[in-house]
Amino acid sequence: MAAPQIKAATGLHREPPPDTRGTSSPVSATALWLGIVALALVLGGLLVVQLNFALSDRSLTDFCIEVGLPEDITGALGVCNIVEALRSDAMTGFLYGGMALGIAGTALGFGTYRRMDTVRRREQAVTGALLGIMAVQIAVVLLVFRAGRPDLFAKHFLNFTVLEPYFMGPFLNAMKNTIVLALVGEVGGIVIGLILAMLVLSKRRAARAPARVYINFFRGTPLIWQLAAFYFLLLFGFEVRLRAFTVAMIVFALNTGAYAAEVFRAGIQSIERGQIEAARSLGMTYGQAMRFAIVPQAVRRVIPPLMNEFVILIKDTALVIVLGLLLSEHELFQWARAGVSDTFNATFYTATALGYLAITLPAIYLVNRVEERLRSGLVGITGAGH
Amino acid sequence: MAAETRTGDDLIRLEGIHKWFGDLHVLRGVDLRMTQRDVMVIIGPSGSGKSTLLRCVNMLAEPTLGKVWFEGRDITDIRTNLDEVRTHIGIVFQAFNLFPHMTALRNVTLALENVLKLGGSEARARAMEQLARVGMDNKALSYPGELSGGQQQRVAIARALAMEPRMMLFDEVTSALDPELVGEVLEVMIRLAGEGMTMMVVTHEMGFAREVGTRMLFMDEGLVVEQGEPREMYYHPQTERLRQFLAKVL
Numbered sequence: 002m003a004a005p006q007i008k009a010a011t012g013l014h015r016e017p018p019p020d021t022r023g024t025s026s027p028v029s030a031t032a033l034w035l036g037i038v039a040l041a042l043v044l045g046g047l048l049v050v051q052l053n054f055a056l057s058d059r060s061l062t063d064f065c066i067e068v069g070l071p072e073d074i075t076g077a078l079g080v081c082n083i084v085e086a087l088r089s090d091a092m093t094g095f096l097y098g099g100m101a102l103g104i105a106g107t108a109l110g111f112g113t114y115r116r117m118d119t120v121r122r123r124e125q126a127v128t129g130a131l132l133g134i135m136a137v138q139i140a141v142v143l144l145v146f147r148a149g150r151p152d153l154f155a156k157h158f159l160n161f162t163v164l165e166p167y168f169m170g171p172f173l174n175a176m177k178n179t180i181v182l183a184l185v186g187e188v189g190g191i192v193i194g195l196i197l198a199m200l201v202l203s204k205r206r207a208a209r210a211p212a213r214v215y216i217n218f219f220r221g222t223p224l225i226w227q228l229a230a231f232y233f234l235l236l237f238g239f240e241v242r243l244r245a246f247t248v249a250m251i252v253f254a255l256n257t258g259a260y261a262a263e264v265f266r267a268g269i270q271s272i273e274r275g276q277i278e279a280a281r282s283l284g285m286t287y288g289q290a291m292r293f294a295i296v297p298q299a300v301r302r303v304i305p306p307l308m309n310e311f312v313i314l315i316k317d318t319a320l321v322i323v324l325g326l327l328l329s330e331h332e333l334f335q336w337a338r339a340g341v342s343d344t345f346n347a348t349f350y351t352a353t354a355l356g357y358l359a360i361t362l363p364a365i366y367l368v369n370r371v372e373e374r375l376r377s378g379l380v381g382i383t384g385a386g387h
Numbered sequence: 043m044a045a046e047t048r049t050g051d052d053l054i055r056l057e058g059i060h061k062w063f064g065d066l067h068v069l070r071g072v073d074l075r076m077t078q079r080d081v082m083v084i085i086g087p088s089g090s091g092k093s094t095l096l097r098c099v100n101m102l103a104e105p106t107l108g109k110v111w112f113e114g115r116d117i118t119d120i121r122t123n124l125d126e127v128r129t130h131i132g133i134v135f136q137a138f139n140l141f142p143h144m145t146a147l148r149n150v151t152l153a154l155e156n157v158l159k160l161g162g163s164e165a166r167a168r169a170m171e172q173l174a175r176v177g178m179d180n181k182a183l184s185y186p187g188e189l190s191g192g193q194q195q196r197v198a199i200a201r202a203l204a205m206e207p208r209m210m211l212f213d214e215v216t217s218a219l220d221p222e223l224v225g226e227v228l229e230v231m232i233r234l235a236g237e238g239m240t241m242m243v244v245t246h247e248m249g250f251a252r253e254v255g256t257r258m259l260f261m262d263e264g265l266v267v268e269q270g271e272p273r274e275m276y277y278h279p280q281t282e283r284l285r286q287f288l289a290k291v292l
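First to last, the sequence lines map onto chains V and F. So for the first sequence, this note's numbering puts the first residue at 2; every next one is plus one. So for the second sequence, this note's numbering puts the first residue at 43; every next one is plus one.
Check the hints yourself; a few may be wrong.
From the structure, some residues in chain F lie toward chain V, with a derived Cβ separation under 8 Å [unchecked claim]: (1) 102; (2) 106; (3) 108; (4) 120; (5) 121; (6) 125; (7) 126; (8) 129; (9) 152; (10) 156; (11) 157.
According to the in silico footprint, chain V covers these stretches of chain F (three or more CB under 8 Å from chain V) [stated by the list, open to error]: (12) 131 to 137; (13) 140 to 147.
Taking beta-carbon pairs under 7 Å as the criterion, some of the chain V residues facing chain F (in silico) [what the hints assert, rightly or not]: (14) 161; (15) 162; (16) 185; (17) 189; (18) 282; (19) 283; (20) 284.
It is worth saying that the hints were derived from the structure and are not from the lab. All of these numbers come straight from a predicted model, not from anything done at the bench. A virtual CB, placed ideally from N, CA and C, is assigned to each residue, including glycine.
Chain V extracted, bound-state conformation:
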């Protein structure tokens, strides 16, 4: 008998684990595919039909003109295509087909998953059922929606033609302004927050108290009030005339500082006591111990929550609307409102939502990646010793 290869006692054995999920079965695979196809029919069908109507050469239908989309309305044809696509027989087929398959997949999956004898089979059955439920839900929503007044909704929220004169240049400029407001606010807030955190952590009440008052005030009053109050406080109280955009950046920094202070405080307090004791016992001052030992560790831990604050701030920049900005300073929300009041069409808000998502989704993705890396890095930080 060949002796198994024995590795050094201290060596780590590294090899990928075997796949223990077991095999598939016809029943479980059927449930899974029913769910997949059902969802594909509903979502794919919606996409295909809409694209088909949008891209093929069409003219206004009698129905559209009848419900109030005559030719002289900007973008009437585009809106009409969206509505007609929804109402088309093809769409009906996709929706009912998807619903039927979805119900079948759900019934089969939920009906059999308990009896599945391998992990893979059970997962396939349950996944098929879940996808089936999703397909049914979406199909039902679309059926109800098109039975109502999809023409009115599309006319006001999906009439992208009206955006044309306002698009790209002004829109991108608005995105840039949103990012600038949030970024300056966040960076300023981090600086203010770190200082406040140091004060709040002081053992002296006289140092803690004013920082507490500041933090509680900015956390306890609405940001929209702070923007307005600060602007007029500067203007009337101090006779300082700053551009509203500048005031907004300052207030965002002041406000974010209060939240960042709490984040930093929690981060610093989460560092083991032994760390500051080790630093102080080497003769470091409190400040040196903070600077070299504590804050660098705390900062790593608070990066995810700080980035979350940033995502929140990106959306809160919309509040500068209370100050009224110059045209060139319009951020996403004011860009939309200006457009809406020009055209009486709310499709601008739809575009704005997409604009916010274009900024926040990459930021959220980044937060999650960083969090993942920090979590896996923690193994290296806390050590193998305990």
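The hints should help you fit chain F onto chain V, whose structure is shown.
The following block gives chain F in isolation, referenced to the frame of chain V:
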């Protein structure tokens, strides 16, 4: 042995030390003096105040009452620059407390550069020398997380030694280690004692206490119950409480 103690020779002297944590009275009047080259081992059941007493020596725990003299200076005086005093008193902790975001080498050079204000190359040379002393020079660029507990503790000892302290405090430094890693740390401490380092050692390692200690202190419930020559105390305990304690730990 430096059994003859005159006040002027005392490296460290504690007088009437009381310590409260909230309403918990953990040290209830402790006097203690150490001269150069003393290796004082402190034993006693958990919660007896051993670690707190040791931490009073470098003022990581401030005595509620009582005075601590270091080289004739009253370091409980509020005007004392504790940061300066602490550069002369090294301490090693149970939990190592290495800075996890720095390499072993950087752990050692950090205070050399920022407290002792040594230049970069000088600090590095001194750090490498101390890491070699504890057999860790080949891991100088490893992070604490990449080291075993015993290795981390040896780096922690090197970090303290690099300050060239007049005395060293050891606070249950082997208690957090896997049994097979205790030896390498004790070995370093034994060598250090042999080189004449003044040491105060809180420990549960009775063998080490008996063989390496020049004086032993047995504490219970915040008081020094018995003190003397380690072997003598070990083989001929005078008090019932020490007898009971020894019977339990052996």
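Here's how the hints hold up against the structure:
For residue 102 (chain F), the interface hint holds, the least distance from its beta-carbon to any beta-carbon of chain V being 6 Å, beneath 8 Å. Because the closest C-beta pair between residue 106 (chain F) and chain V is about 16 Å apart, greater than 8 Å, the hint is violated. A distance limit of 8 Å between C-beta atoms decides the matter here; for residue 108 (chain F) the minimum to chain V is near 20 Å, and the interface restraint is violated. Because the beta carbon of residue 120 (chain F) sits about 14 Å from the nearest beta carbon in chain V, more than 8 Å, this interface hint is broken.
Residue-level restraint check for residue 121 (chain F) is violated (minimum Cβ-Cβ distance to chain V is 16 Å; threshold 8 Å). Interface restraint check for residue 125 (chain F): the shortest CB-CB distance to chain V comes to about 5 Å, inside 8 Å, so the restraint holds. The beta carbon of residue 126 (chain F) is positioned within 8 Å of a beta carbon in chain V (closest approach about 7 Å), and the interface hint is therefore held. Taking 8 Å as the C-beta contact cut-off toward chain V, the hint placing residue 129 (chain F) at the interface holds, the least distance being around 4 Å.
Checking residue 152 (chain F) against chain V by beta carbon gives a least distance of about 6 Å; that is within 8 Å, so the hint holds. A least Cβ separation of about 6 Å between residue 156 (chain F) and chain V falls short of the 8 Å threshold, and the interface hint therefore holds. Contact between residue 157 (chain F) and chain V, as hinted, is supported at the beta carbon level, the nearest pair being about 4 Å apart and thus within 8 Å. Taking a C-beta to C-beta cut-off of 8 Å, the region 131 to 137 of chain F contributes 5 residues in contact with chain V, enough for the three needed, and the coverage statement holds.
Beta-carbon proximity to chain V at under 8 Å applies to 4 residues in the region 140 to 147 of chain F; the threshold of 3 is reached and the given coverage holds. With a least beta-carbon distance of about 50 Å to chain F, the hint placing residue 161 (chain V) at the interface is violated under the 7 Å criterion. A distance limit of 7 Å between C-beta atoms decides the matter here; for residue 162 (chain V) the minimum to chain F is near 55 Å, and the interface restraint is violated. Interface hint at residue 185 (chain V): violated, since its Cβ lies 29 Å from the closest Cβ of chain F, which is beyond the 7 Å cut-off.
Taking 7 Å as the C-beta cut-off, the interface hint given for residue 189 (chain V) is violated, the closest approach to chain F being about 26 Å. Because the closest C-beta pair between residue 282 (chain V) and chain F is about 5 Å apart, less than 7 Å, the hint holds. Interface hint at residue 283 (chain V): satisfied, since its Cβ lies 4 Å from the closest Cβ of chain F, which is below the 7 Å cut-off. Because the beta carbon of residue 284 (chain V) sits about 4 Å from the nearest beta carbon in chain F, less than 7 Å, this interface hint is met.
Checked against the numbered hints given earlier, the structure breaks hints 2, 3, 4, 5, 14, 15, 16 and 17 and satisfies all the rest.
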